[in-house]
Amino acid sequence: MNRQFYSSITDNPLYSPDYKQALKIFKGLYPELFKGLSGNRRPLPWKVLWKIIVQHEDGVCDKKCRDLNELDNNINNIQNSLDWLCVQGYLDSSSSSDHWWEHIPQYVLNWNTVKEKLGVTQPIEFRPVSQEQVYEKMAILKEKQN
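Position 118 (the sequence shown) corresponds to 288 in my numbering; numbering is contiguous.
Bear in mind the hints are in silico, worked out from the structure with no lab data behind them. This structure is a prediction, so every number in the text was calculated from the model and none was measured. Nothing false has been slipped in among the hints.
Calculated cross-link-like contacts (lysine-lysine; reagent style PhoX-like; alpha-carbon spacing at most 25 Å): (1) 233 with 285; (2) 285 with 221; (3) 205 with 287; (4) 221 with 205; (5) 221 with 234; (6) 233 with 287; (7) 205 with 217; (8) 194 with 285; (9) 197 with 287.
Here are the simulated distance ranges between beta carbons: (10) 311 with 236: 22 to 30 Å; (11) 313 with 234: 37 to 45 Å; (12) 181 with 234: 32 to 40 Å; (13) 207 with 236: 21 to 29 Å.
Glycine included, C-beta positions come from ideal geometry on N, C-alpha and C.
Sequences are here, hints too, so could you generate the full structure?
Take a look at the structure:
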């Protein structure tokens, strides 16, 4: 469940930062990443960053995040992109272990850098709702579908 789905149930605001403007700024900052790409192709670090911005509610990620692996099925490419984003200041590194005690670097989005470099602001925090409010809203949405 992500912010967009949850917003439809809770009436919290949707989060839709300006993709085109942020991409234009990113491309101006890192033109070398776009060399050799044609048409609508985007470099993997951009795709990873944007996915984290719009879909990772707390900005937490690692190389095993399923949605990031859908961008590129080579986990090493994902890790390289995360490392690059960390060096550029978009991600802060934190350490973690998975349930097999394998060390997997985790990262957290650095919203200050994202705002300073790309002009993208952090989403507004959700207003909590009661379970009853959620059930009411889901019933209304279900009724609209029928």
